[in-house]
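J.: Following the hints, put chain H in place on chain P, whose structure we already have.
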Amino acid sequence: MSIVVIGAGPAGLAAARSALRAGADVTLLDSSDQLGGQFWRHLPETSRAAKQHVLHHKWSTFEALASEITQHPRCTIVTSAQVWLLEQRDQGTPRVHAHVGPVDSGGRESLTLEPDALILATGAHDRTLPFSGWTLPGVYTAGAAQAIAKSERIALGSRVVVAGAGPFLLPVAQSLALTGARVRGVYEATTLPALARGWGAKPWKLGAAVGKMPELAGYVASHVRHSIPYLTGRAVVEAHGTDRVEAVTIARVDENWAPIAGSETKIEADAVCVSHGFTPRLELAIAAGCSIGPDRFVEVDARQRTSTRGVYAVGELTGIAGADAALAEGEIAGHFAARGPRSAAVSRAARSRDRFVDFGVRLDAVHAPRRGWTHWLRDDTVVCRCEEVTRGELDSIRSQTASCGLRSLKLSTRAGLGICQGRICGRSVEELLGDNFADGVPTDRRPIVSPVRIGDLAGQALGGSQPDERSPEEPPPQ
Amino acid sequence: MTARRLPAQHDPAERTDPERVRITVDGAELTGPAGSTIAGILLENGRDSWRTTSRDSRPRGVFCGIGVCYDCILTVGAERDVRACQRRACDGDVVSLQEETRPDAAGEGAS
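Those sequence lines, one after another, are chains P and H.
Every letter in the first sequence is one number past the one before it in the working numbering, and letter 163, counting from 1, is 167.
Every letter in the second sequence is one number past the one before it in the working numbering, and letter 57, counting from 1, is 161.
These aren't lab readings, by the way, just hints derived from the structure by calculation.
Even glycine gets a Cβ: it sits at the ideal position worked out from N, Cα and C.
One should not assume that every hint holds.
Unchecked claim - Among chain H residues calculated to face chain P with C-beta under 8 Å, some are:
no.: 1; residue: 140
no.: 2; residue: 152
no.: 3; residue: 156
no.: 4; residue: 160
no.: 5; residue: 168
One chain only, chain H, in its complex shape:
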């Protein structure tokens, strides 16, 4: 709960925000200004991690913010491995978070 979108009325760039788009993330409805990336909407709504790593089951979210590290990947509709920091949110996007076990972890109780 630490990242924060600067309210438009306090922005030295004198910004005005467009209408908000609505997405669902694992069933929860989140909104953000049109043109936001999916990562932007998650961050604005207090989420800073949304993936669980396969080996150590650790939380991850944005790291590089420019599409290089792939740490922020999630599933949009039926498509896995979409970089949240690069993909703009479209109204109605259905997003789910990714948690995966490695093939060699099967049967080892990894979840």
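One chain only, chain P, in its complex shape:
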């Protein structure tokens, strides 16, 4: 039984370990050159840190997972492996195509795998809603501040504003404080009444959230220690500066996130870190033919099986519910993909998953972006960062063409057609253009998952590699 796991964050690591324990041969792929994913993104192996655990949550879990997997004789770990294509087959699990080598370089080694089962653990990335000035240097996603603080020990600014929505803003502020920055405030768009209603309702269903209380208490204590104000019902509606950010305007917002006129205050800052939640990285799941639910996560059954035979999905692909849910889902998927028998351990993981998934549903209900956000845009606000398409241009083309197909609207405006392939602006563009698209193709579909250099593609077409056969000595012709 051969299993390929794509993604080495909490979900993928747990899946790999569980599949190994159930007797499978596992190949674990990750685009980074280290294990841990974004959640456990850490210092390079060349650095030493006696207390790296103070920068992380559940660091000992990571160390245990990494140590068991890396020492396991049936586990092949391929880091710096960028999967760029999943190819559906008439018979069997999709074929996996990856390039292995330095990030974005040409002539990387081609790796093609045909596993018996495939576990997708590709995670999610920050969703940042556009606002005027968000393209200025010094404006970052909250995830960027977190990643660069943990892996480089660089604070992106000395006076930092953190804003957006969701509990993820708290560890980001903590990371910045632990990296020597002064956090001027954390601005949560969700209003206090909405927070109280959302988190206070039916507390007996908050089993998992209660489990998260010590973690939350830690962040609150850290905020108090670092004197970080936490304010609700507020959003960054504009960033100011000429060649880099110098200040932001914060406005109070209503329950629908529409800014309240007259409530604006300007705050000086040299870095602004903004995230309004997460977007799952669905490309591979869509390429594998997995069915995507109306909430735009991968649909899975109790064993984490997708609608595509032999393909499992775990972690944030199935809902944003945090690392505990991801660990439980990974354990379940790895076990069943390896055809493990029912066991007490896997039943325990299933109960844990169900609790945390409830937590994720609550999280989304409370903190998901409300449509009033579009009211803080101006006509000249850039929406698509790559192609520099403004809100006014989107509106104008929508009204001129009367088109109701998302694809044709994208082609007319160029929004979402740039090098990020709509990963950053896609869902915002959809919301600005309207909800009912005749073609029914959302911006999540990207058959080629990452840029491939044309010489490498040509090499591949010329028969550069066969399944399960690597050719490190012979880079494809340039």
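T.: Okay, now just chain H, sitting in the frame of chain P:
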């Protein structure tokens, strides 16, 4: 000049840095601890933008920090479009910054 690498002696993680690697960026020599990304070295040396956009000629640098947005791309050796936030710097890397005009901007004085 705002991003800053926390000095090792102040790091609550009790970190010790490895020796430094040296890269050149458009001819200027910059250094950073081994294992840094190219973006890390640029940020540590006071650079927070290093690309100019094609339509509006605006400065860009890191945005997402996790390899998703491609805003931080630059040229390493002869290869364009390398994500600075993902690529680790190797001693001796020759980096150049990217500025590009769109094909339809030719002759319009865009630079």
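J.: Each of the hints needs a verdict: does it hold here or not?
T.: We went through each hint and held it up to the structure:
Interface hint status for residue 140/H: upheld, as the beta-carbon distance to the closest one in chain P is roughly 6 Å, under 8 Å. A cut of 8 Å between beta carbons decides the hint on residue 152/H: the least distance to chain P is about 5 Å, and the hint holds. Look at residue 156/H: its Cβ only gets to about 11 Å from chain P, farther than 8 Å, so that hint breaks. Here the hint on residue 160/H is kept, as its CB sits about 5 Å from the closest CB of chain P, short of 8 Å.
Among the interface hints, the one on residue 168/H holds; its C-beta lies about 5 Å from the nearest C-beta in chain P, closer than the 8 Å criterion.
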